[in-house]
Amino acid sequence: MGERLIVSKIRDGTVIDHIKAGRALEVLKILGISGKEGNIVAVVMNVSSKKLGRKDIVKVEGVELGKEQVDLIALIAPDATINIIRDYDVAEKYRVKVPEKISGLLRCVNPNCITNQPREPIETSFRVVNVSPLKLKCEYCGVVITEELLEKLVEEIA
Amino acid sequence: MWRGKDVLSITEFSKQDLRVLFDEAERYLRIIEEGEITEDLKGRILATAFFEPSTRTKLSFQSAMLRLGGKVIDLPPAMASSIAKGENLADTIRMLDAYADIIVIRHKVEGAARFAAKISNSPIINGGDGTRDHPTQAMIDLFTIKRELRKIENLSVGVLGDLKYGRAARSFILGIAKYNPQLYLISPEILKVREDVIDLLEEMNIKYEEVTDLKEVLSELDVLYVTRIQRERFPDPMEYERVKGSYKIDEKTLSGAKDNLIILHPLPRVDELDFSIDKTSHARYFQQAAYGVPVRMAILKLVLSGE
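Chains A and B supply the protein sequences, listed in that same order. Residue numbering for the first sequence follows the working numbering, starting at 2 and increasing by one per position. Residue numbering for the second sequence follows the working numbering, starting at 1248 and increasing by one per position.
Incorrect hints may have been included.
Said to hold, decoys possible - Just the calculated beta-carbon pair ranges, DEER-fashion: (1) P112(A) x K1262(B): 28 to 38 Å; (2) T1285(B) x G105(A): 42 to 52 Å; (3) I1437(B) x V132(A): 24 to 34 Å; (4) G67(A) x T1302(B): 49 to 59 Å; (5) L53(A) x K1398(B): 50 to 60 Å; (6) L53(A) x Y1346(B): 53 to 63 Å; (7) L53(A) x K1262(B): 26 to 36 Å; (8) V110(A) x I1284(B): 49 to 59 Å; (9) Q1263(B) x S133(A): 29 to 39 Å; (10) I1437(B) x P134(A): 24 to 34 Å; (11) D80(A) x T1302(B): 51 to 61 Å; (12) D1270(B) x P119(A): 41 to 51 Å.
No lab work stands behind these hints, which were simulated from the structure alone. We treat Cβ as the ideally placed atom computed from N, Cα and C, and that holds for glycine.
Generate the whole structure from the sequences, applying the supplied hints.
So, in structure tokens, the structure goes:
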């Protein structure tokens, strides 16, 4: 098919498959993977997929990502599947699920929200009020974050 | 279930909670009217921390606590203003938590009361935060309707004014929505209720209609809840000048209203309610303000030593 995967299999670690095309770098941001950790990380973007047409794949060698951590990926890649690899075999496989609550990851868009006040010991907290389309609500100020806004907020994650 | 509960948003109280509150408020109203003395909260201390100006809310909470035989401490306005300038709210709340049994807070920042509640062991009462919640005002509003109309279910209710930024209006809408009203949300286009309120109304299956002109719906109403439209909300002053007349209510405006229509207003009013209304049987906003004390007595009592 002209698009042969050039990234070889990993021995132990996590493969995140079926990421919406073009979102792999944001997935890494959400997971807090910068590359400086020293693990082997493979990012494959815009390859063909029977399910999605085009998709991205991320492979992280030597780390089994926890469910709580990977579920955050569902915010921008709701179809992503997680494969935990042990000794070249898929030991566990599951689809990400939008978490009920997202703490500390995203900033609130309301400048008058308590979470945006300087010098307060507080982290943001959003409740997922709708899954499709995705809608989050700030636990403090009640502001509703729609899918569109969410993309921008994810881009902002340092 | 009231005991130890933070009072942060009207949406967190069930009809059963409110029924308990109204019964207790009735009892305190009688005690006040008959000049009796109660010491239900003797030895307890209320702290008021108002980071935004307030007359009615602060004084009525203080009066309520004193009438219950408790004591009151107040965050000095100078300190409140230095905190408003950027000092840390969390530390102030920790201090008040140590000094008092219950804390009423008002703050211009949204979510301040909820944040305070996470920090404090003493219950927090939200005396108004930003443009969102003013739960005790809504409780007073609902109590007023129940007392003045002898019922609260299935009424036709108009809410007029700044529905977008007004926290009293927002809290009232979400409060009355528990009682299956026909709601008319009356405001200029740019001050319509926000989407999150509409979402909640839809979720609760409430019949509501958004209109810009009171005349269209006046004859239907059992209750008209009036709030102020602030000039500062309008990016274009001409737009304000154009609409302000339509949201000013005088005797003439009310021709065509039901005889037993009652008008509420969280006060302070500026010129949205003409003085000529005060003497009509429609005006109930002074009773509403007076009910502030017994309702807040009931809130303090239930949170500190209720079921």
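Regarding L53(A) and K1262(B), is the given constraint of 26 to 36 Å on their beta-carbon distance met?
47 Å, violated
Verdict for P112(A), K1262(B) (Cβ pair) under range 28 to 38 Å
Holds - the Cβ-Cβ distance for P112(A) and K1262(B), about 35 Å, lies within 28 to 38 Å.
Outcome of range test on Cβ distance (V110(A), I1284(B); 49 to 59 Å)
51 Å, holds
Kindly confirm whether 42 to 52 Å is satisfied by the beta carbon distance between T1285(B) and G105(A).
Roughly 46 Å apart at Cβ, these two residues keep to the hinted range, so it holds.
Taking 53 to 63 Å as the hint, is the beta-carbon distance of L53(A) and Y1346(B) inside that range?
59 Å, holds
C-beta pair I1437(B), V132(A): status relative to the range 24 to 34 Å that was hinted:
32 Å, holds
Distance restraint evaluation - D1270(B), P119(A), Cβ atoms, bounds 41 to 51 Å
For P119(A) against D1270(B), whose Cβ atoms are near 44 Å apart, the range 41 to 51 Å holds.
Using the beta carbons of D80(A) and T1302(B), state whether their distance is inside 51 to 61 Å or not.
56 Å, holds
With 49 to 59 Å as the target window, see if G67(A) and T1302(B) comply at their CB atoms.
53 Å, holds
Does the Cβ distance between L53(A) and K1398(B) fall inside 50 to 60 Å?
Since L53(A) and K1398(B) have Cβ atoms about 57 Å apart, the given range 50 to 60 Å holds.
Do the beta carbons of I1437(B) and P134(A) sit within 24 to 34 Å of each other?
Given range 24 to 34 Å: holds, Cβ gap about 26 Å.
Is 29 to 39 Å respected by the C-beta to C-beta distance linking Q1263(B) and S133(A)?
34 Å, holds
Hint 7 from the list above is the single one not met by this structure.
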